[in-house]
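Student: Each chain, letter by letter, is given below.
2 protein chains.
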Amino acid sequence: MTGLTFEILNTDGKARTGSLLTAHGAIDTPAFMPVGTAATVKAMTPDAVAETGAQCILANTYHLMLRPGPERIERLGGLHTFMNWPGPILTDSGGYQVWSLADLRKMDEDGVEFRSHLDGSVHHLSPERAIEIQRLLGADITMVLDECTALEASKDEVARSMRLSMRWAERCKAAFEERHGYGLFGIVQGGLHPDLRAESAETLQALGFDGYAVGGLSVGEGQEEMFRILDGVAPQLPKDRPRYLMGVGKPADLVGAVRRGIDMFDCVLPTRSGRTNQAFTRNGPLNLRNARHKDDPNPLDNTCECPACRNYSRAYLHHLVMAKEILAAMLLSWHNLHYYQDLMAGMRQAISENALDAFAAAFHAEQEAPETDDNVEA
Amino acid sequence: MTGLTFEILNTDGKARTGSLLTAHGAIDTPAFMPVGTAATVKAMTPDAVAETGAQCILANTYHLMLRPGPERIERLGGLHTFMNWPGPILTDSGGYQVWSLADLRKMDEDGVEFRSHLDGSVHHLSPERAIEIQRLLGADITMVLDECTALEASKDEVARSMRLSMRWAERCKAAFEERHGYGLFGIVQGGLHPDLRAESAETLQALGFDGYAVGGLSVGEGQEEMFRILDGVAPQLPKDRPRYLMGVGKPADLVGAVRRGIDMFDCVLPTRSGRTNQAFTRNGPLNLRNARHKDDPNPLDNTCECPACRNYSRAYLHHLVMAKEILAAMLLSWHNLHYYQDLMAGMRQAISENALDAFAAAFHAEQEAPETDDNVEA
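So the protein sequences, as listed, match chains S and Z.
If you're matching positions, the first sequence starts at 1 in our numbering and goes up one per residue.
If you're matching positions, the second sequence starts at 1 in our numbering and goes up one per residue.
If we strip away everything but chain S, and leave its shape as in the complex, we get (with noise of 0.2 Å):
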């Protein structure tokens, strides 16, 4: 566990600023990752992804175990040549997607069984299986692999998946230390209990964990539910280690989340978006279909010193849109990415001047200010 290094720099209040250093370069915090779930950031060249000022790329291994599969990926020279990203990558685990994704067969303590997605051919992923691929993979920042619980589920039901996910996590740190990863994160479950939340965070710390990341959340139950559960685990993590909400989320809920004393984020939402005509901005999201976007010569949001707002009009955006181009999903997904990458530029300034604050204030004042029609039409 000694392949990152982290270094709090300024903190004000619960949140703080920092400097996690990895085999592939420093990543500043608070940090949001882009997903580039099959090795790619849709529809971006790495070019453009680090030019929007991410340091750090998430990728998938539920997907790349599929498809190339891991193996092939490190004959090949690993996930950073492969897919030409020189920084910073994050896998995940893979047990995410099996839950969501693929047509589960057979869960035991051992691992799960499962048929893909795309062919129907039968895979199995155990908690040894997941830190051996993502080692293929070449990551610089390795999760364990845990059960992901149903919303739904009762609370007998989260304590018996979040405590099989604690014994993984154990296996995890062992098959990790014997492949000599670069960074291993543990994962806080338990629900919306913060009882076993508690147990959770607490087992994982027993055990010593690169990072702590807090799973399970952004899963229909909302952003006060979601608050309410890092209020209470954010304290009861290390302060020393970068904490990772992963899967979140939307701009409101990574100031949220931030001043709530969380470093690290992933969301597939502004790719997403910038695939399905949506563009952030400081005063709320756009939908470029929108009509009244059709002569409209002004750039998406005036502030903004991405190539989509220093070169287009939103009425090139929505013929774009219109006329279904690549660029439309190539201009939105880039502008959206430096939309969060500015929020989380301007959270890092405000922590080291003590004014995270009065940045949140402003931030939902724009946010909130009337936005005309919009949305009317999607």
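Careful: at least some of the hints might be erroneous.
Any copy, or any two copies together, can satisfy a pair, since identical chains are not distinguished.
Derived pair list, reagent style EDC-like, types lysine to aspartate or glutamate, alpha-carbon separation capped at 20 Å [as the list claims (entries may be wrong)]: (1) LYS14 <-> ASP28; (2) LYS324 <-> ASP119; (3) LYS14 <-> ASP47; (4) LYS250 <-> ASP231.
No lab work stands behind these hints, which were simulated from the structure alone.
Fair warning: this is a prediction, and the values are worked out from it, not measured in the lab.
Please build the complex by placing chain Z on the supplied structure of chain S, with the hints as guidance.
Tutor: Structure of chain Z alone, referenced to chain S:
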């Protein structure tokens, strides 16, 4: 007709290099113009298009008149501003697409009435409106409206159609002069009949144009027939004006046509192929779906300097294609446009050294090199 100047720099047999100066910059000829149908070269940013070496792009009047509309584009600052392409733009007249895409309703001496392929709305295109639209777009090079004749039409029908196109060319020239456009090209028609082609070339020269296009080829007649017509037509066109072979073509078509004295080309092939998993290389086309690329660490072409070749393996491109990732279309389009521009640059260099025959021989020898089992699994 004073907007364009054309200077011949070198000749080699019938082939020549030149510089065509437009209101938005110079075009080195022989030139290949990428197609930006709907005000975007598909799956490419304009910066990337320029990086391939392209100096002039083509945009389609038919598509842009239907969506977003030429008056709207003019209000938004013209096509160069709208699509963020600062270099020269050639617009076609819309004629070809009216015949190939739209539901033709009525054709007479005045013009053509058709239903949009997008929404069934009825539109009218006349020589005067075609010129007006191209002026609203801000074209650097404007094309006359012509009628497109089916390959299987009788000679009488081809003659009737060609003579109508010549009367339209005269009306286009009058409309163009009224509107002070930048440069107007006539289009030689006449199908596969050398005498009709000669009549058309002569009629156009009597009117006087900034450049002369050869239309109605690459419509299924085959390369041999196309070259036979070019052998006849090229010498009948003025030496001091650019000659443009519309809608052509495959790499070998370009080499053969340059040797016959053609200066300009456009074709969707490099970008369309890029979106359908095909890559052009010195050794012929590759189909990236082919399983033999799955483990291949080599680039598409180890002599190519494009980003797809510098940064990615065939194995990665195969993976992107199989995963239906947008980046596949982006990288393969980029490579293909780069290949086409390299081919044109190579021909310009060879002409300047009086070595085009040797260049063409080397080109064909490489293209004919046996390519294992490629295209088998297409």
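Student: All hints, please: hold or fail.
Tutor: Going through the hints against the structure:
1. In this assembly of identical chains, LYS14 and ASP28 lie within 20 Å of each other by CA distance solely inside one copy; the values are 17 Å within and 61 Å between copies.
2. Taking the shortest Cα distances, LYS324 and ASP119 sit within 20 Å of each other only across copies (15 Å), while inside one copy they are farther apart (28 Å).
3. In this assembly of identical chains, the alpha carbons of LYS14 and ASP47 never lie at most 20 Å apart, being 34 Å within a copy and 43 Å across copies at closest.
4. In this homomeric assembly, LYS250 and ASP231 come within 20 Å of each other (Cα to Cα) only inside a single copy, at 18 Å, whereas the closest approach across copies is 63 Å.
Against the hints set out earlier in the document, a violation occurs for number 3 only.
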